[in-house]
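Asker: My request is simple: use the sequences and hints to build the entire structure.
Protein chains: 2
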Amino acid sequence: MIRAAPCHGIDRRTLLASLALLPSLSGPLFSVSASAQAPTSGGLLPSWNDGPAKQAIIDFVRATSDRASPSYVVPEDRIAVFDQDGTLWVEHPMYTQVIYCLERVPDVVAKKPELKNKEPFKTVLSGNREAIARLPMQDLYKIIAATLSGMSVEEFNAEAKKWIETARHPRWNRLYTELAYQPMLEVLRYFRDNAYKTYIVTGGGQDFVRMYAEKVYGIPPEQVIGTAGGTKFAYASDGKPYLTKEPKLLLNDNNAGKPEGIHLMIGRRPYAAFGNSTGDRQMLEWTAAGAGARLKMLVLHDDAVREYAYGPAQGLPDTRVGAFTPALYDEAKKNGWTVISMKNDWRRIFAFE
Amino acid sequence: MIRAAPCHGIDRRTLLASLALLPSLSGPLFSVSASAQAPTSGGLLPSWNDGPAKQAIIDFVRATSDRASPSYVVPEDRIAVFDQDGTLWVEHPMYTQVIYCLERVPDVVAKKPELKNKEPFKTVLSGNREAIARLPMQDLYKIIAATLSGMSVEEFNAEAKKWIETARHPRWNRLYTELAYQPMLEVLRYFRDNAYKTYIVTGGGQDFVRMYAEKVYGIPPEQVIGTAGGTKFAYASDGKPYLTKEPKLLLNDNNAGKPEGIHLMIGRRPYAAFGNSTGDRQMLEWTAAGAGARLKMLVLHDDAVREYAYGPAQGLPDTRVGAFTPALYDEAKKNGWTVISMKNDWRRIFAFE
Numbered sequence: 001m002i003r004a005a006p007c008h009g010i011d012r013r014t015l016l017a018s019l020a021l022l023p024s025l026s027g028p029l030f031s032v033s034a035s036a037q038a039p040t041s042g043g044l045l046p047s048w049n050d051g052p053a054k055q056a057i058i059d060f061v062r063a064t065s066d067r068a069s070p071s072y073v074v075p076e077d078r079i080a081v082f083d084q085d086g087t088l089w090v091e092h093p094m095y096t097q098v099i100y101c102l103e104r105v106p107d108v109v110a111k112k113p114e115l116k117n118k119e120p121f122k123t124v125l126s127g128n129r130e131a132i133a134r135l136p137m138q139d140l141y142k143i144i145a146a147t148l149s150g151m152s153v154e155e156f157n158a159e160a161k162k163w164i165e166t167a168r169h170p171r172w173n174r175l176y177t178e179l180a181y182q183p184m185l186e187v188l189r190y191f192r193d194n195a196y197k198t199y200i201v202t203g204g205g206q207d208f209v210r211m212y213a214e215k216v217y218g219i220p221p222e223q224v225i226g227t228a229g230g231t232k233f234a235y236a237s238d239g240k241p242y243l244t245k246e247p248k249l250l251l252n253d254n255n256a257g258k259p260e261g262i263h264l265m266i267g268r269r270p271y272a273a274f275g276n277s278t279g280d281r282q283m284l285e286w287t288a289a290g291a292g293a294r295l296k297m298l299v300l301h302d303d304a305v306r307e308y309a310y311g312p313a314q315g316l317p318d319t320r321v322g323a324f325t326p327a328l329y330d331e332a333k334k335n336g337w338t339v340i341s342m343k344n345d346w347r348r349i350f351a352f353e
Numbered sequence: 001m002i003r004a005a006p007c008h009g010i011d012r013r014t015l016l017a018s019l020a021l022l023p024s025l026s027g028p029l030f031s032v033s034a035s036a037q038a039p040t041s042g043g044l045l046p047s048w049n050d051g052p053a054k055q056a057i058i059d060f061v062r063a064t065s066d067r068a069s070p071s072y073v074v075p076e077d078r079i080a081v082f083d084q085d086g087t088l089w090v091e092h093p094m095y096t097q098v099i100y101c102l103e104r105v106p107d108v109v110a111k112k113p114e115l116k117n118k119e120p121f122k123t124v125l126s127g128n129r130e131a132i133a134r135l136p137m138q139d140l141y142k143i144i145a146a147t148l149s150g151m152s153v154e155e156f157n158a159e160a161k162k163w164i165e166t167a168r169h170p171r172w173n174r175l176y177t178e179l180a181y182q183p184m185l186e187v188l189r190y191f192r193d194n195a196y197k198t199y200i201v202t203g204g205g206q207d208f209v210r211m212y213a214e215k216v217y218g219i220p221p222e223q224v225i226g227t228a229g230g231t232k233f234a235y236a237s238d239g240k241p242y243l244t245k246e247p248k249l250l251l252n253d254n255n256a257g258k259p260e261g262i263h264l265m266i267g268r269r270p271y272a273a274f275g276n277s278t279g280d281r282q283m284l285e286w287t288a289a290g291a292g293a294r295l296k297m298l299v300l301h302d303d304a305v306r307e308y309a310y311g312p313a314q315g316l317p318d319t320r321v322g323a324f325t326p327a328l329y330d331e332a333k334k335n336g337w338t339v340i341s342m343k344n345d346w347r348r349i350f351a352f353e
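Top line first, the protein sequences correspond to chains B and S. The end of the first sequence is residue 353 by this note's numbering, with every number in the run present. The end of the second sequence is residue 353 by this note's numbering, with every number in the run present.
It should be emphasised that the hints constitute simulated quantities derived from the structure, not laboratory data. A couple of the hints might just be wrong.
Since the list gives no way to pick out one identical chain from another, each pair is judged satisfied if it fits inside one copy or across any two copies.
[Stated by the list, open to error] Result set (BS3-like, lysine-lysine): computed pairs, CA atoms no more than 27 Å apart in a straight line: (1) K240 to K197; (2) K232 to K197; (3) K215 to K197; (4) K333 to K240; (5) K248 to K232; (6) K248 to K162; (7) K232 to K111; (8) K333 to K162; (9) K334 to K111; (10) K248 to K142; (11) K122 to K161; (12) K122 to K215; (13) K215 to K162; (14) K334 to K122; (15) K162 to K111; (16) K334 to K240; (17) K232 to K334; (18) K161 to K197; (19) K118 to K142.
What you are looking at is a predicted structure, and each value in this text was computed from that prediction instead of being measured.
Answerer: In structure tokens:
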């Protein structure tokens, strides 16, 4: 038997660190200033400043899509994979989906009143963030399992869609979906304009991300690979079939689970991979190990003014979400992976700026 | 723990019935005659005779791709799913992949000589078909696990590709890949020409079918959903990462596993589904339960001269491969699913005819 499973490959340390950060969100909004850097020349990737990161992307796409190039890749093999949290949109101070799970608890309890005075639901309902932060891992799994399974896929889809269309990030008071990085949206389009199939490969829940990926990123559900649970086919009393989301883990799409998930869902090795944390390390290594030109890029969060600063540039410990450890930074440097500095490489971060 | 898993959702009865049929294959080739029916008019689906099956396909594609139609479907939602064995190519007298597994045994034993005198490998090596047919299910799983796991995905891919490029069907003395049904190849193209994404949803092994699906059916690996095992990411001594095929079942893509697999891999409901057996029943039901126009089709093997005759038209018991039971036939009739008669609806069966 597989045990009840997380929607997300978060570890407890990560979650606790994130929860601890939340109270600061009730404070005044940070001031958001446009980058001081000059606009780039040329029409490609307009939200990027000229520099080695932008150049690496353009050089790679040209080299693999020009028939005369020794690195030419036939269109059907052009696969590019993108981590989501911290790579395509903001992951701070907490993964959006974890907020969803916690906010779903009152509805789950309303349907199952017997949970009201049971832990860990009682603690979550109390709203006491410090107490929530002290919940042991097995209790967090209970919350995740209770909020992401036990309903039909249609019910889940409708709930998740409704939530994502209204939930807002406290710092910017913007929809989470508005916090997609404009430079990365341009990269996605640039790849697709050159016949690449773009995939999200996320530690987040596959069903959850599929609810908005087409609208936000232009990526259809079948090109979203994420942490996935099983479903169970059954018939309703009127004979109509339905699928129920089960608390059974099929794919933990983090770390080694990313190349494993890519094999399961795509069946061929990507030519380009974008990530931002140790959870993406194996995906980048797997991409790098293929023959020919391969693009490996890591987003470094080094812009405390316009977004957040965490990771090796700040010498922060790796207990925060999206850990970009010094070891990963060293591996990137050693192997010639390209590190994207949000501060220096991105002229604009969000579309609303 | 998940138990060692089959590459294929075959049951023992099916396999035994298939094995029992094999000796007849050493006899003279059947005579293959072209259909006596007249060619159809019009350029669409030229290997189909005019009739309700051909008309149902054309009516459906037109209704869902014409913007003025009340059944119009936006291009990004156009998903069509196809079973493989018995629907896209010949499944008689045995699933091609089972033959592959049995034929791989000598190589597996050569690499692990300790298996030579162990059952069930000893029996398979003996070539005694009656003894092979008597092997208990757990022994068959051992053969399947031993031949489809324990190697890197690259090694498996190379072996499977080499085999499928040379292995021949004894009745026609043709490559298995030449035994794709020409009328169905035309259907696949017709759907794709109208912006449908075509998927294979097979009980066969996902990695196996991916090795030839693009060449034979024009379907890329990421659009092949099949029975799938897990893989394990690791590093070779030179630091290079690789994936090993594990004897661990992730998806048994038969019966209820087909809609479950469709949800996992596509995340939306198909508009058209083609099958030929009880293993496809839930996939057709799941497709049918969606709103708007939905096409549900079953291939009936009723042409003993040009291919095989089995299923309800012949009143055969359902112990043979690809069972199309009388109960499924009744369900199709009751629910308005379209049954394709190979004998009457297909003017030509194979491209080489």
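Asker: Could you work out which of the previously given hints the structure breaks and list their numbers from low to high?
Answerer: 8, 9, 12 and 14
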